[in-house]
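4 protein chains.
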Amino acid sequence: MKTLNIGLVGYGFMGRAHSNAFRKAPKFFDLEYQPVLRAVCGRDAAKVKAFAARWGYETCETDWRKLVERDDIDLVDIACPNDMHRDIAIAAARAGKMITCEKPLAMNGPEGLKMVQAVEKAGVPNMVWYNYRRVPAVTLAKQLIDEGRLGKIFHYRAKFLQDWTISKDLPQGGAGLWRLDVKVAGSGVTGDLLAHCIDTALWLNGRIDRVSAMTETFIKQRKHNLTGKVEKVGIDDACAFLARFENGSLATFESTRYARGHKALYTFEINGEHASIFWDLHDLHRLQYFDHRDEGRVRGWRSIHVTDGDHPYMGKWWVPGLQIGYEHSFVHQFADFLQGIAAGKPASPTFRDALQTQYVCDAVLKSAKSSRWQKVAA
Amino acid sequence: MKTLNIGLVGYGFMGRAHSNAFRKAPKFFDLEYQPVLRAVCGRDAAKVKAFAARWGYETCETDWRKLVERDDIDLVDIACPNDMHRDIAIAAARAGKMITCEKPLAMNGPEGLKMVQAVEKAGVPNMVWYNYRRVPAVTLAKQLIDEGRLGKIFHYRAKFLQDWTISKDLPQGGAGLWRLDVKVAGSGVTGDLLAHCIDTALWLNGRIDRVSAMTETFIKQRKHNLTGKVEKVGIDDACAFLARFENGSLATFESTRYARGHKALYTFEINGEHASIFWDLHDLHRLQYFDHRDEGRVRGWRSIHVTDGDHPYMGKWWVPGLQIGYEHSFVHQFADFLQGIAAGKPASPTFRDALQTQYVCDAVLKSAKSSRWQKVAA
Amino acid sequence: MKTLNIGLVGYGFMGRAHSNAFRKAPKFFDLEYQPVLRAVCGRDAAKVKAFAARWGYETCETDWRKLVERDDIDLVDIACPNDMHRDIAIAAARAGKMITCEKPLAMNGPEGLKMVQAVEKAGVPNMVWYNYRRVPAVTLAKQLIDEGRLGKIFHYRAKFLQDWTISKDLPQGGAGLWRLDVKVAGSGVTGDLLAHCIDTALWLNGRIDRVSAMTETFIKQRKHNLTGKVEKVGIDDACAFLARFENGSLATFESTRYARGHKALYTFEINGEHASIFWDLHDLHRLQYFDHRDEGRVRGWRSIHVTDGDHPYMGKWWVPGLQIGYEHSFVHQFADFLQGIAAGKPASPTFRDALQTQYVCDAVLKSAKSSRWQKVAA
Amino acid sequence: MKTLNIGLVGYGFMGRAHSNAFRKAPKFFDLEYQPVLRAVCGRDAAKVKAFAARWGYETCETDWRKLVERDDIDLVDIACPNDMHRDIAIAAARAGKMITCEKPLAMNGPEGLKMVQAVEKAGVPNMVWYNYRRVPAVTLAKQLIDEGRLGKIFHYRAKFLQDWTISKDLPQGGAGLWRLDVKVAGSGVTGDLLAHCIDTALWLNGRIDRVSAMTETFIKQRKHNLTGKVEKVGIDDACAFLARFENGSLATFESTRYARGHKALYTFEINGEHASIFWDLHDLHRLQYFDHRDEGRVRGWRSIHVTDGDHPYMGKWWVPGLQIGYEHSFVHQFADFLQGIAAGKPASPTFRDALQTQYVCDAVLKSAKSSRWQKVAA
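Residue numbers (the working numbering), protein chains in the order written: chain A, 1 to 378; chain B, 1 to 378; chain C, 1 to 378; chain D, 1 to 378.
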């Protein structure tokens with residue numbers, strides 16, 4: 001078995017999710033590569049050390065430039081805030097490393113384009129962690145669509161609702177709260193949450209042609225944790241947009257952090273000529289499926305408990321009826337990545353795939369600012 | 001169009017439900033008989049008069065014996081407490097009237113048998129208001145079973161849960177509370193609620209052979225509204241039983257008025273070799289259906305919104321997607337009764353059908369008392 | 001008791017729904033007025049006669065102008081297609097009749113304004129049948145909002161999804177299909193379905209300031225039943241729009257007749273600072289309610305089975321746990337109308353209330369055409 | 001940090017579930033002990049070796065007696081079929097090892113009693129893997145009950161429904177099918193599935209006093225994989241029983257492998273004076289809670305998404321809204337075990353706790369055989 005030496009940058013929420021995936025994938029999937037947790041990098045030496053001890057990383061770094069240049073690293077995994085993705089990715093590509101990068105790919109489209117150019121020039125395997133594609137129910141949705149079961153698509157609707165920033169006393173910036181700091185995050189719910197919705201949509205339903213959007217920042221000023229001062233909030237707290245897909249279908253997208261009662265309610269629904277699909281992150285192990293070709297009297301939405309051996313990825317886990325959770329989507333994606341490099345085939349979404357999501361986000365933000373429909377770049 | 005002159009006995013909850021059915025049936029169904037609300041009878045003259053005025057009954061009576069003997073009455077509808085069913089029904093049969101009787105048929109099996117003998121001897125159309133058979137989703141379940149879709153039946157489970165008698169301060173007896181008075185009701189949840197579950201079960205799954213039951217009276221004494229004294233409570237507050245059907249399937253039945261959170265949660269589920277069915281009174285317009293013959297990957301419980309034109313009775317109401325409610329089950333049952341007399345065919349359940357439910361109730365109560373399995377009379 | 005003589009125009013789906021309400025309201029509500037079904041009017045004499053016989057209308061008319069001028073009519077109820085609302089309403093107002101009009105009020109805002117001016121000038125009681133306000137769960141939502149339980153509102157989202165016009169073989173025009181004929185309907189889903197969503201939204205959340213919309217007509221040509229020729233389809237099959245309310249909240253609205261699996265799925269959700277509400281026409285007897293002030297560990301969406309005596313209107317029906325259906329919303333609205341005229345207070349929505357919905361529809365259609373945000377007239 | 005050397009017996013479904021728990025617990029929980037996967041034991045040398053390689057066990061054994069006697073083993077984990085639990089546990093206890101044993105504890109009560117005596121005599125920490133206690137929603141239920149929120153308990157109902165043995169072509173015995181072989185399994189659904197229901201019930205609701213049960217074996221003969229012959233099936237395919245708890249509450253329990261549409265539907269509901277609880281393994285991350293003390297109009301079943309930081313165990317995983325799955329219950333249980341030995345406190349359920357479940361199972365099987373109520377041993 002070949003080894004794959006991993007250098008992780010970032011030890012926060014995503015650093016844990018990725019590390020868990022690195023460790024679990026070979027226990028449940030048959031892989032040609034054995035991941036080795038060679039190094040983890042972060043700015044706070046003590047915290048990096050503690051993280052390395054817990055997760056079994058062999059060494060620590062506090063400067064990502066050093067990590068990127070180490071000869072004993074095959075894969076650089078970028079799990080730090082958005083504003084650092086570009087520089088790390090470009091440097092890693094130049095150093096000939098494989099790269100897996102947390103989403104969103106970049107702060108915006110132009111940044112993303114440079115990253116795409118870098119990895120494509122270097123010819124290194126690359127992937128962005130839009131993990132929801134690998135929730136078995138979502139992968140099943142993809143299968144059903146690709147098999148033509150839905151027929152012509154008329155409608156797509158997605159939303160991602162949270163409620164964790166409603167309090168005006170919540171500060172912005174710093175550890176755990178960089179998602180509220182526009183300089184670090186690039187945008188608010190658009191890049192953080194809608195990017196997920198858009199990635200899935202592009203995968204399932206093809207290109208988006210144009211959008212009309214609105215955004216809102218309900219709390220205009222918050223204390224900034226790094227400066228200690230009350231500062232203007234630059235991110236979008238909420239964003240909704242209309243979209244037209246290239247295949248002629250109509251879509252609505254919405255995301256907010258001001259929807260009481262919803263912690264991470266990512267849902268999507270697709271209505272086709274023959275069948276419809278609905279999925280919900282709060283019950284991620286189920287897929288709702290309606291098939292109009294069923295006999296009339298017994299036609300109904302089917303609640304598919306996606307835990308059977310013939311469901312995507314599920315044959316690798318437990319027995320029918322026993323659900324898996326959020327973290328497993330990362331395990332699946334990493335297993336697919338390893339199988340991809342073994343087979344010489346890219347695992348989706350690549351940087352280029354993810355760039356398209358970035359372009360949609362850019363068009364959304366531009367539309368919200370201009371109050372006009374915007375064409376999406378391609 | 002022929003007229004059918006109705007004489008109603010009782011003006012309580014069921015008097016209203018029946019009267020509403022009498023009035024609505026000809027508006028929505030094509031019937032050969034036009035019901036005429038000729039008379040209503042009750043002990044309190046003022047209340048009877050007010051009821052007659054509201055519902056359009058032409059005349060009033062305060063003695064049911066007079067009502068039963070009136071020449072201008074074709075159908076005697078019995079909607080008064082259980083302890084009066086027998087005498088009224090037997091007198092009405094002797095007078096040659098058609099009879100519709102609120103459930104349960106009688107206080108017990110022997111009483112019920114006499115009623116059956118009376119109506120059969122008189123040769124008069126007769127029916128018991130086990131209305132849940134005519135909820136469209138339940139009728140659809142019957143159709144699916146009769147079509148053989150479930151295959152061999154392995155399991156039946158039913159429950160009817162309420163929570164309205166938990167307070168120890170609730171008195172027993174008198175208007176609105178006669179269901180707690182064993183002398184009037186005959187039994188507690190067994191005759192009031194389980195009788196519904198048993199009726200549906202016999203209809204859908206055939207005869208019950210034997211039962212093992214337990215009952216409980218949580219509040220042993222309550223003030224009696226008629227005597228003003230604290231008296232022993234004679235009814236069962238809760239009852240659960242195991243059963244074996246003649247077709248080899250196993251069953252559990254349970255009912256209680258001590259299930260917090262459930263107002264009238266009547267549910268049943270049937271598991272067959274090929275398919276299963278679930279229904280719930282709290283969402284009575286839906287039928288849950290699972291068919292194992294569906295393709296594996298997209299197999300799931302189907303939530304059938306039973307509001308389409310090809311669903312039982314629904315073509316007579318509104319448009320697909322618009323639900324009907326509780327009261328419509330009575331309308332359907334009365335329409336079926338009228339169509340039955342037009343066609344010379346009995347509408348189910350007849351007194352004889354309902355007698356079988358009475359025998360199961362008797363066996364249940366006997367089993368609970370003896371702590372032994374009991375064979376059901378036939 | 002006073003009588004109220006009703007003259008109904010139209011004997012289709014809505015003619016039945018209204019007639020049922022006229023008959024049932026006095027059976028279940030305590031009213032000072034007794035409705036009398038004096039006359040029904042329609043173009044086809046034989047059909048009108050049959051309808052009158054079934055529902056008990058005393059007389060028939062085939063020319064609405066005659067009906068409007070009859071001295072023995074107090075209330076003109078308009079239940080015919082949209083293109084006739086204006087003329088009938090204005091004539092009825094001039095004749096001093098009370099008027100209840102099926103929704104949408106008119107073909108467009110300017111038409112609606114003339115109707116408002118007519119009824120206000122005549123000083124006659126008037127109401128539009130936006131019946132969903134009177135579904136008990138929706139009325140309960142209104143109560144909770146008015147009591148301030150939600151706090152500041154951040155988001156409103158509504159949709160109304162159907163799937164009955166997907167087939168390209170479905171013709172347009174004529175009985176049962178006039179909703180596809182733009183000359184009769186005025187618009188497609190915007191006036192038919194979104195009008196309901198907008199009416200509820202204005203009631204619950206106040207004025208809408210501006211909108212950005214898109215519409216689509218998936219099937220461009222259909223056979224016209226009246227001409228027998230294939231003609232261009234002028235209605236919108238689908239419409240989605242973004243909206244800003246005057247209270248600062250953001251909204252998404254969507255409607256379509258191309259959503260497989262949904263027969264009449266009208267849903268709305270409101271997210272406030274403290275609490276959220278969700279409702280769904282397919283389970284209209286439930287209200288989902290989330291209150292953030294609940295203790296953290298046991299916080300969750302509450303599924304309120306709106307069938308208790310302390311829920312709006314429900315004390316008049318059966319007992320807790322027993323659901324009512326679609327038709328009851330009309331009964332409630334008519335009971336409120338009668339109580340309103342007894343008390344000298346208008347029952348909502350009046351023509352003027354409904355005009356505001358018309359203005360939103362106009363802005364939506366204009367925005368879809370212009371691809372620009374549009375201000376809503378007031 | 002101290003190390004804890006683990007010797008695992010069995011490498012099937014449960015061997016994987018336990019190994020995953022050993023590996024994950026220290027990554028997510030702060031523990032004083034570091035588990036070391038020292039040895040795994042199984043009869044098939046090649047398979048054991050492959051298992052060891054995948055999961056990182058340092059050594060292999062093919063004779064459990066050798067494993068039990070090794071000095072470098074601190075904890076013997078029993079994850080092999082039921083018929084071997086007793087001998088391994090008693091030998092391990094004699095060797096002074098800590099023991100964790102897969103459920104059910106033993107083939108029957110008398111066997112279990114010997115195991116309890118052995119571990120108590122040896123004074124070694126011991127625990128049985130009734131993992132569902134550690135599903136966060138179930139642990140939350142325990143907290144709510146212990147806090148007295150439900151008040152006096154009236155009803156308990158549990159069921160565990162599967163559908164995987166309906167085919168008569170399914171053989172019995174051997175790898176993967178020993179659960180159908182009565183000599184290895186001891187019983188059918190009673191020991192396999194109802195044992196889980198009973199364990200939870202005893203934990204949440206106290207002792208069961210007496211039971212009345214029925215069992216059924218739908219397929220009387222199946223080919224035996226080890227003998228190659230068609231042999232009588234000795235296990236119970238289905239079992240249902242009534243029970244009386246010592247606290248006065250009434251219960252129904254049911255389990256079957258013949259319930260079409262249910263893969264692993266373990267549900268329980270508890271009705272108390274003030275509140276009720278419902279849980280469902282198919283959506284294990286939710287707890288349904290109804291509190292009658294909520295204000296009447298907004299009272300409803302709360303669907304608690306048990307993923308918040310203040311929910312049991314959940315602060316250790318991801319962020320609110322992101323669900324965990326089946327496997328995590330084992331991780332929690334093992335973390336609790338390690339914390340227990342660090343603190344010198346047993347982690348539940350101990351062998352003695354689990355013995356009580358065994359006694360209930362014995363009474364159930366005896367009642368089914370005798371058709372009489374049976375007292376549960378204590």
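Bear in mind the hints are in silico, worked out from the structure with no lab data behind them.
Possibly wrong hints are sitting among the right ones.
Intra- or inter-copy, both count: the list cannot distinguish identical chains.
[As the list claims (entries may be wrong)] Listed below are the simulated PhoX-like cross-link pairs for lysine-lysine, each with C-alpha atoms no more than 25 Å apart in a straight line:
| id | residue 1 | residue 2 |
| --- | --- | --- |
| 1 | Lys-316 | Lys-263 |
| 2 | Lys-152 | Lys-232 |
| 3 | Lys-345 | Lys-316 |
| 4 | Lys-316 | Lys-27 |
| 5 | Lys-47 | Lys-375 |
| 6 | Lys-345 | Lys-183 |
| 7 | Lys-229 | Lys-345 |
| 8 | Lys-66 | Lys-232 |
| 9 | Lys-183 | Lys-229 |
| 10 | Lys-223 | Lys-152 |
| 11 | Lys-2 | Lys-142 |
| 12 | Lys-66 | Lys-121 |
| 13 | Lys-47 | Lys-316 |
| 14 | Lys-316 | Lys-366 |
| 15 | Lys-220 | Lys-369 |
| 16 | Lys-66 | Lys-263 |
| 17 | Lys-263 | Lys-168 |
| 18 | Lys-220 | Lys-183 |
| 19 | Lys-263 | Lys-152 |
| 20 | Lys-121 | Lys-27 |
| 21 | Lys-27 | Lys-47 |
| 22 | Lys-47 | Lys-2 |
| 23 | Lys-366 | Lys-232 |
| 24 | Lys-223 | Lys-121 |
| 25 | Lys-142 | Lys-183 |
| 26 | Lys-220 | Lys-152 |
| 27 | Lys-152 | Lys-168 |
Hint-by-hint comparison with the structure:
In this homomeric assembly, Lys-316 and Lys-263 come within 25 Å of each other (Cα to Cα) only across copies, at 17 Å, whereas the closest approach inside a single copy is 29 Å. For the homomeric pair Lys-152 and Lys-232, the shortest alpha-carbon distance between copies (21 Å) is at most 25 Å, but the shortest distance inside one copy (45 Å) is not. Taking CA atoms no more than 25 Å apart as the test, Lys-345 paired with Lys-316 passes inside one copy only; the shortest distance there is 22 Å, against 36 Å between copies. In this assembly of identical chains, Lys-316 and Lys-27 lie within 25 Å of each other by CA distance both inside one copy and across copies; the values are 10 Å within and 22 Å between.
Taking identical chains as interchangeable, the C-alpha atoms of Lys-47 and Lys-375 are never at most 25 Å apart, the minima being 44 Å within one chain and 54 Å between chains. When the C-alpha separation of Lys-345 and Lys-183 is checked against a cutoff of 25 Å, the pair qualifies neither within a copy, at 35 Å, nor between copies, at 50 Å. In this homomeric assembly, Lys-229 and Lys-345 never come within 25 Å of each other (Cα to Cα): the closest approach is 49 Å inside a single copy and 49 Å across copies. For the identical chains of this complex, Lys-66 and Lys-232 are neighbours neither inside a copy (35 Å) nor across copies (67 Å), given an alpha-carbon limit of 25 Å.
For a Cα distance limit of 25 Å, the shortest separation of Lys-183 from Lys-229 inside one copy, 15 Å, qualifies, whereas the shortest one across copies, 61 Å, does not. In the homo-oligomer, the alpha carbons of Lys-223 and Lys-152 lie at most 25 Å apart only across protomers (22 Å), although the nearest pairing inside one protomer, at 49 Å, exceeds that limit. In this assembly of identical chains, the alpha carbons of Lys-2 and Lys-142 never lie at most 25 Å apart, being 31 Å within a copy and 47 Å across copies at closest. In the homo-oligomer, the alpha carbons of Lys-66 and Lys-121 lie at most 25 Å apart inside one protomer (22 Å), although the nearest pairing across protomers, at 58 Å, exceeds that limit.
Proximity of Lys-47 and Lys-316 under a CA criterion of 25 Å is satisfied inter-copy only: 17 Å between copies versus 34 Å inside one chain copy. Proximity of Lys-316 and Lys-366 under a CA criterion of 25 Å is satisfied in neither setting, with 44 Å inside one chain copy and 39 Å between copies. Taking identical chains as interchangeable, the C-alpha atoms of Lys-220 and Lys-369 lie at most 25 Å apart only when both belong to the same chain, with a minimum of 16 Å there against 34 Å between chains. In this assembly of identical chains, Lys-66 and Lys-263 lie within 25 Å of each other by CA distance neither inside one copy nor across copies; the values are 38 Å within and 51 Å between.
Taking identical chains as interchangeable, the C-alpha atoms of Lys-263 and Lys-168 lie at most 25 Å apart only when both belong to the same chain, with a minimum of 18 Å there against 41 Å between chains. When the C-alpha separation of Lys-220 and Lys-183 is checked against a cutoff of 25 Å, the pair qualifies only within one copy, where the shortest distance is 15 Å, while the shortest distance between copies is 48 Å. Proximity of Lys-263 to Lys-152 under the C-alpha cut-off of 25 Å is restricted to the inter-copy arrangement: shortest distance 19 Å between copies versus 33 Å within a copy. With identical chains, the CA atoms of Lys-121 and Lys-27 are never at most 25 Å apart, being 34 Å at best within one copy and 38 Å at best between copies.
With identical chains, the CA atoms of Lys-27 and Lys-47 are at most 25 Å apart between copies only, with a shortest distance of 15 Å across copies and 27 Å within one. In this assembly of identical chains, Lys-47 and Lys-2 lie within 25 Å of each other by CA distance solely across copies; the values are 22 Å between and 30 Å within a copy. Within a single copy, Lys-366 and Lys-232 get their C-alpha atoms as close as 20 Å, which meets the 25 Å cut-off; across copies the closest is 36 Å, which misses it. When the C-alpha separation of Lys-223 and Lys-121 is checked against a cutoff of 25 Å, the pair qualifies neither within a copy, at 42 Å, nor between copies, at 57 Å.
For the identical chains of this complex, Lys-142 and Lys-183 are neighbours neither inside a copy (35 Å) nor across copies (41 Å), given an alpha-carbon limit of 25 Å. In this homomeric assembly, Lys-220 and Lys-152 come within 25 Å of each other (Cα to Cα) only across copies, at 15 Å, whereas the closest approach inside a single copy is 43 Å. Within a single copy, Lys-152 and Lys-168 get their C-alpha atoms only as close as 45 Å, which misses the 25 Å cut-off; across copies the closest is 13 Å, which meets it.
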